[in-house]
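Visitor: Listed below are the residues making up each chain.
Protein chains: 2
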Amino acid sequence: MTNEISFFQNPDGTREEILEATFYALRQHGYADLTISKIGDEFGKSQSLIYHHYDDKDELLVDLLDYMLEQVENQVPLPNQSPEEYIEIIVDEIFGTSSNSDVEFSQAVIELRAQAAHDDDYNRLFRRSDDFIRKQIARVIQSGVDAGAFDVEDPSQTAALFHTVLVGIQAERITSDEETIDDVRTEFRRYVEKCLLSE
Amino acid sequence: MTNEISFFQNPDGTREEILEATFYALRQHGYADLTISKIGDEFGKSQSLIYHHYDDKDELLVDLLDYMLEQVENQVPLPNQSPEEYIEIIVDEIFGTSSNSDVEFSQAVIELRAQAAHDDDYNRLFRRSDDFIRKQIARVIQSGVDAGAFDVEDPSQTAALFHTVLVGIQAERITSDEETIDDVRTEFRRYVEKCLLSE
Numbered sequence: 001m002t003n004e005i006s007f008f009q010n011p012d013g014t015r016e017e018i019l020e021a022t023f024y025a026l027r028q029h030g031y032a033d034l035t036i037s038k039i040g041d042e043f044g045k046s047q048s049l050i051y052h053h054y055d056d057k058d059e060l061l062v063d064l065l066d067y068m069l070e071q072v073e074n075q076v077p078l079p080n081q082s083p084e085e086y087i088e089i090i091v092d093e094i095f096g097t098s099s100n101s102d103v104e105f106s107q108a109v110i111e112l113r114a115q116a117a118h119d120d121d122y123n124r125l126f127r128r129s130d131d132f133i134r135k136q137i138a139r140v141i142q143s144g145v146d147a148g149a150f151d152v153e154d155p156s157q158t159a160a161l162f163h164t165v166l167v168g169i170q171a172e173r174i175t176s177d178e179e180t181i182d183d184v185r186t187e188f189r190r191y192v193e194k195c196l197l198s199e
Numbered sequence: 001m002t003n004e005i006s007f008f009q010n011p012d013g014t015r016e017e018i019l020e021a022t023f024y025a026l027r028q029h030g031y032a033d034l035t036i037s038k039i040g041d042e043f044g045k046s047q048s049l050i051y052h053h054y055d056d057k058d059e060l061l062v063d064l065l066d067y068m069l070e071q072v073e074n075q076v077p078l079p080n081q082s083p084e085e086y087i088e089i090i091v092d093e094i095f096g097t098s099s100n101s102d103v104e105f106s107q108a109v110i111e112l113r114a115q116a117a118h119d120d121d122y123n124r125l126f127r128r129s130d131d132f133i134r135k136q137i138a139r140v141i142q143s144g145v146d147a148g149a150f151d152v153e154d155p156s157q158t159a160a161l162f163h164t165v166l167v168g169i170q171a172e173r174i175t176s177d178e179e180t181i182d183d184v185r186t187e188f189r190r191y192v193e194k195c196l197l198s199e
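Line by line, the protein sequences give chains W and H. For the first sequence, UniProt numbering assigns the number 1 to the initial residue and increments by one for each residue that follows. For the second sequence, UniProt numbering assigns the number 1 to the initial residue and increments by one for each residue that follows.
It is worth saying that the hints were derived from the structure and are not from the lab. There may be inaccurate statements among the hints.
Identical chains share a label here; the pair holds if one copy fits it or two copies do between them.
[As the list claims (entries may be wrong)] Listed next, the in silico DSBU-like pairs over lysine-lysine satisfying Cα-Cα at most 35 Å (straight line):
(1) Lys45 / Lys135
(2) Lys45 / Lys194
(3) Lys57 / Lys135
(4) Lys194 / Lys57
(5) Lys38 / Lys194
(6) Lys194 / Lys135
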């Protein structure tokens, strides 16, 4: 799931307001320490309104992921980008920025991903998100192959490694310093240059 | 942290027996559902003996990670391998086998890694583990450069990407099917061939 979209610019309706509060509370407290009460503090309206819509924190978080994923899925692709420029944008998204809130969000996403080991709802959502991201990246790579810009035999295979690096970086942000992340970025750019771009 | 070593072949002493029980209980139940009581079931001796040594499950899990990491750190490197063969072994370790217990262990490790966002003890151990693994891989790559087998400018940079893929695969094992992991493996091998091996 990408970090780059603004999800809650104009929340309309109670559901979106609750989800917005959940989003910010999750960033601030992380999954383990998140409670409905802390979401209520962020929400600013009656906590009982949250319980009217959701039974527990996991039901709420699953709905948040679902909502965010839907917004990402309905995003219109960037127009007027060459495949090389588009790949550059994807690499930038994978490595994100180092702003504090993004790091906190990455941490929270990895905590939620870990829940997918034991919870079918989380599992289903992360599978859907992973598939969507892989297919989007594969589509960009395929368009580069069609345009003669990329030399890749199997775009979905290449997209699979891109996605693994995305997930790896999200998990590593918990413990790695920016210097190490920079090393990974530089090496991944070398891979893109030598293994994707046509000579 | 690698999946491939047998940690508890000859547990000696109560600490190792408790850690062994924790290891198997963690594999079976995962982090979130793990309790001292479930570890006690695996332990087979009095549960109060566990409480005599450890205050809570996190103290126990941190000691388990510490113990496993120490064993990995003291491992003697494989003798008589060429750098190319050694890299092949490292790639195999990154992608592991698909045996069920390995998948369960991967899931548990990602759950523990997520704790590092909020817990200094977990954070310290994962940083130590990550640094150790990156340095080991960088050493193998450096020896390949010295032998003229690899053409890499900055071995620690290359090792950083290897490590990110290792972590990414551990996290992806929760939701990805074996076919997708195979795609990542094939693409990563292409990277090793085109970006590491000398022409």
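Visitor: Hint by hint, note whether the structure agrees.
Guide: Against the structure, the hints come out as follows:
1. Lys45 / Lys135: Neither way: lysine 45 and lysine 135 sit 40 Å apart in one copy and 51 Å across, limit 35 Å.
2. Lys45 / Lys194: Answer is neither; intra-copy 54 Å and inter-copy 57 Å both fail.
3. Lys57 / Lys135: For lysine 57 and lysine 135, only the intra-copy Cα distance (30 Å) is at most 35 Å; the inter-copy one is 40 Å.
4. Lys194 / Lys57: For lysine 194 and lysine 57, the Cα distance exceeds 35 Å both inside one copy (45 Å) and across copies (47 Å).
5. Lys38 / Lys194: Answer is neither; intra-copy 48 Å and inter-copy 50 Å both fail.
6. Lys194 / Lys135: So lysine 194 and lysine 135 pass the 35 Å test inside a copy (22 Å) and across (24 Å) alike.
The earlier numbered hints that this structure contradicts are 1, 2, 4 and 5.
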